[in-house]
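**Q** Sequence order for the protein chains is A and B.
Using the working numbering, the first residue of the first sequence is number 1, and each one after it goes up by one.
Using the working numbering, the first residue of the second sequence is number 482, and each one after it goes up by one.
Don't take every hint at face value.
[What the hints assert, rightly or not] Short, incomplete list of chain A residues facing chain B, as computed with Cβ under 8 Å:
1. Glu289
2. Ala356
3. Glu435
[To be verified] Across the chosen pairs, the derived CB separations fall in these ranges:
4. Arg682(B) / Asp211(A): 30 to 38 Å
5. Asp711(B) / Glu31(A): 33 to 41 Å
6. Ala479(A) / Asp663(B): 48 to 56 Å
7. Glu398(A) / Arg742(B): 21 to 29 Å
Derived by calculation from the structure, the hints in this document are not laboratory data.
The beta-carbon is built from N, C-alpha and C at its ideal position, and this holds for glycine as well.
As a plain string of letters, each chain reads:
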Amino acid sequence: MSPATKSNNPLLPKERIKVPRQLMPEQPAQERAHNFEEVNLGYSSELAQQEALRCLECAKPTCTDYCPVGIDVKAFVQKIVIGDFLGAAAKIREANVLPAITGRVCPQEDQCEGKCLLSKKVKPLGIGYLERFVADYEQRMGTHIVPHATPTGKKVAVVGSGPSGLTVAGDLIQKGHQVRVFEALHEIGGVLVYGIPEFRLPKQIVREQIDYMRQMGVEFETDVVVGRTVTIDELLEEEGYDAVYIGTGAGLPQFMNIRGEHLNGVYSANEFLTRINLMKAYKFPVYDEPMLDLHGKHVAVIGGGNTALDAIRSALRLGAEKAYVIYRRSDAEMPARAEEVHHARQEGIDFQMLTAPVEFLSDGKGWLTGARCVRMELGEPDASGRRRPVPKEGSEFELPLSVAVIAIGTSANPIVQSTTPGLDTNKRGYIQASEETQRTTRKGVFAGGDIVTGAATVILAMGAGRRAANSIHEYLTTAAW
Amino acid sequence: MFKIVHAQFLAPGIKRFVIEAPRIARKQKPGQFVILRIYEEGERIPVTIENSDPEKGTINIVVQAAGKTTTLLNSLETGDLILDVVGPLGKPSEIKNYGTAVVVGGGVGTAMAYPTAAALKRAGNRVLSIVGARNKELVILESEMRAVSDALLITTDDGSYADKGFVTDKLRQLIQNGTRIDLVVAVGPIVMMKAVSELTRKENIHTVVSLNPIMIDGTGMCGGCRVMIDGKSEFACVDGPEFDGHKVNFDVLVQRNAMYRTAEQQSMEEYKHSRESEHACVATSSSTTSSSLRGEKR
Chain A
1 MSPATKSNNP LLPKERIKVP RQLMPEQPAQ ERAHNFEEVN LGYSSELAQQ
51 EALRCLECAK PTCTDYCPVG IDVKAFVQKI VIGDFLGAAA KIREANVLPA
101 ITGRVCPQED QCEGKCLLSK KVKPLGIGYL ERFVADYEQR MGTHIVPHAT
151 PTGKKVAVVG SGPSGLTVAG DLIQKGHQVR VFEALHEIGG VLVYGIPEFR
201 LPKQIVREQI DYMRQMGVEF ETDVVVGRTV TIDELLEEEG YDAVYIGTGA
251 GLPQFMNIRG EHLNGVYSAN EFLTRINLMK AYKFPVYDEP MLDLHGKHVA
301 VIGGGNTALD AIRSALRLGA EKAYVIYRRS DAEMPARAEE VHHARQEGID
351 FQMLTAPVEF LSDGKGWLTG ARCVRMELGE PDASGRRRPV PKEGSEFELP
401 LSVAVIAIGT SANPIVQSTT PGLDTNKRGY IQASEETQRT TRKGVFAGGD
451 IVTGAATVIL AMGAGRRAAN SIHEYLTTAA W
Chain B
482 MFKIVHAQFL APGIKRFVIE APRIARKQKP GQFVILRIYE EGERIPVTIE
532 NSDPEKGTIN IVVQAAGKTT TLLNSLETGD LILDVVGPLG KPSEIKNYGT
582 AVVVGGGVGT AMAYPTAAAL KRAGNRVLSI VGARNKELVI LESEMRAVSD
632 ALLITTDDGS YADKGFVTDK LRQLIQNGTR IDLVVAVGPI VMMKAVSELT
682 RKENIHTVVS LNPIMIDGTG MCGGCRVMID GKSEFACVDG PEFDGHKVNF
732 DVLVQRNAMY RTAEQQSMEE YKHSRESEHA CVATSSSTTS SSLRGEKR
C-alpha cells in the first residue's frame, strides 16, 4: 500500500479475515410474508463500521473494476471505518447518483462482491449493505451536498425516468448542462416505481433520490410519451435541445403462446406488478385500480428472474395460500439475485424447478383453473450458454391455479423507433447504440439501458447512462460526432 | 394538471370536455385516444378524443358514465382540473382515399368515429355514416357527423328517433341496394362491432374496428390490453386500437373486459353510498366538485 493511501483500519489483514460478515437485520419471514414493508432493515452505524473493517484494501481492487458504474469501493469503505459516513456517501455519489437504490437492488454477487478477494476464503465484503447504509445515513441527516456547476448553456432531453435516464440526468446536471426528463407515466422512476415492489425498494427511497435530483436542478415532465406526445425530431429542432438520451426501458411483455393464455387470471408480470406498485391495487378500494382477490388462492409465476420473484412474493403478501415459482431450468441457471431467492424460500414460496407449463386450463367460462405442466431435464448448452431444458416424456401433471403470472421477459417497445427516422434498430427491434459511447445512428441522439440491450438490471442500465453522460458531455463541448 | 375549459353534456350521462393540453392537441390524429387519471388514488382509464384545436391547444374528449371513474369525471365542470392526461395514444386511423367508406358509430363510439369520418371525407372518400343509439336522447354529434358525411343514416333501438332498428340493419340495406363499399369503420359496443364484422365478412368488405380493452399504462409496457387477433396476442395500445374486424376474437375481448366486474361494482356502490351520505350531511354547503372528490376518498 502506498503511503498516500495510508490505512485507518486498525486491523491487520489476517485479523480482518477473522471478522465474520455482519448479518443484515431483516423482518422475520413469517411476519413479512404478510406485509409490504421492506424485508431488509439496514445496518446500524456499529454494524456498518464492523463490516467495513473487513475490507482488505487491495492495491488493485477488482470490486471497482466489476462495478458497472465504477464506484471507488475501497475509498468509501475506508471513510466508513473512520466514521465519516457523509464523506463515504459523497465518494459514492461521484460515480453513482442513486446509491440508496443500487445498494438495495444490484446483483452484488455477480459484480463487486463476486470479485472481492475475501470471497476466496470467507464471505465477501458486504459492499451492497454498506452502500445502502451510507446512502440512508445521508438521507436521514438531510445534509446532502448539492453540487452546482457553472451553466454551459446546453440543453439535454432525457426520455424515460428509469435508472438509466436518472443517471444521465444526474451526471449531466453536475457538468453544468440543463436537463429535462420526460416520463410517460404519471410518476417518476420507471421500473423503480412500477416494477420493483415496496418490500424490496420502498417508493419513499425513490422519491427522495428524485427530490435530490430536483434540488440539483433536473427538471421533470410527466405524462409525455415521446414518439406520440412529442417526437425526438421536435425536441431537437423545435424545442431547442442540443442532445437527446433515449432510455425508454423494457417493452411489451412476452407470452408463451400456449393454449389458454388469454384466460381471465393470466397476467403478464408487468401488468401484475404495475397494478400493485404503481396503481396501489393492493390498497383497493382506497385506490380505485382493482386486481383479482388472491386471498386463499393458488398463484404461480412462470420464470426465474427478479421480476418473477417480485411478482410471486407480492402474491404471497396479497394473501395467496400457495405461491409457486415455475422455472424450466434449475437453481444454478436462475437469473434472480441470490438474496431474493433466499428470502423467497424463507417466506415459503414453493419452487417448482425444471418445470414448464404447456397449457392453461379453463372452467369453460373464461377463467383460469390450473396449468398443465411438464417436468424438464437439462440437455446441451443453448445460445445463451445455459443448458437447454428438454421435456421429460410422460411427466405431465396438472397444477390447480386461480392466477398465473407470466414473467419470461419482454420485447422492445416500438414507439420511439417507429417515429424517429434514421434511428436504426437491430433484428429484435432494440435501438442500435455504440457500447462505448451509447451513440445511436442519429446525430445528437444517444440511447442506453433495456431499450438497447433488452431486459437487464438496474445497475447495467445505470452503467450505460454513465457512459452516455460522458459521451454526451464530450459531444456538447466539442460538437464532434 | 390539465384544466377543463369547457364541460357540457351531449346527452344524459355523456359529457364533452374541452381540456387544455397543448402538446396533445398539436399531435392528435383520428383514431387516437388519451389516458387520464382524475386524482391521486384514481385509476388510469382510456378515453376517446373527439377533436382537437392545435391553435388553442385544447382537445375534446367525450365520456359516458359507466363505472366510478367515468361517473366522477362526468361530475367535473368548467374550470376543474384533471390530474393526468397523456396521449395521443395508439396508432392513428389509416386515412387515404378508399373510394366509398361507411363509418358506423354506436352510442358514445360515435365520438371516436367522428374524427375518422371527417378525415376520410377530407381525403376524398364518399363517406356514408350510420349512427345508432338506444333512444333519441342518446344520439350524439348528429350535426357534426352530417357535416362530414355524404349521407347520414340514424337508427334508435326503440324507434324514438329516426328509424327503429340497429346500425347493422342500415349497413345490410346499403349492401343489398348494391352500394359499392370499399371500407367499413365501426366504433362502438363490442356486440355492435362484432355484428358489423360478421356482416361484412360475408361480403368481403375491409372492416376496421376500434377496440376498448382494459388498459393501464397505454404506452406499450404492461400488456394488460392484449387482444386476440388472428389467434395471436396483440396490444391495443401500440398495435391498435384499430384492427381488422375480420381477425378480432370479440368473445375473448368480452370475457377479458369482464375480469374486474365484481370490483367495479363494489367501487360504484361505495361511490354512490358516499355521495348519498355526503349529500345528507352537507345538504346546505356548496362544496366544489374537487373538494367533494377529495371528501369521497376519506
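**Q** Next step is simple, just say for each hint if it's right about the structure.
**A** We went through each hint and held it up to the structure:
With 8 Å as the threshold, the beta carbon of Glu289(A) comes within range of chain B, its nearest partner Cβ sitting at about 4 Å, so the hint holds. Below 8 Å, beta-carbon pairs count as interface contacts, and Ala356(A) has none with chain B, the closest being about 18 Å; its hint is therefore violated. A least Cβ separation of about 25 Å between Glu435(A) and chain B goes past the 8 Å threshold, and the interface hint is therefore violated. For Arg682(B) paired with Asp211(A), a C-beta distance near 56 Å fails the hint of 30 to 38 Å.
Against the hinted window of 33 to 41 Å, the Cβ-Cβ separation of Asp711(B) and Glu31(A) comes to about 49 Å, which falls outside the hint. Taking the beta carbon of each, Ala479(A) and Asp663(B) are about 52 Å apart, inside 48 to 56 Å as hinted. Under the hint 21 to 29 Å, the C-beta atoms of Glu398(A) and Arg742(B), about 27 Å apart, fit the expected range.
Violated hints for the displayed structure, listed by number in ascending order: 2, 3, 4 and 5.
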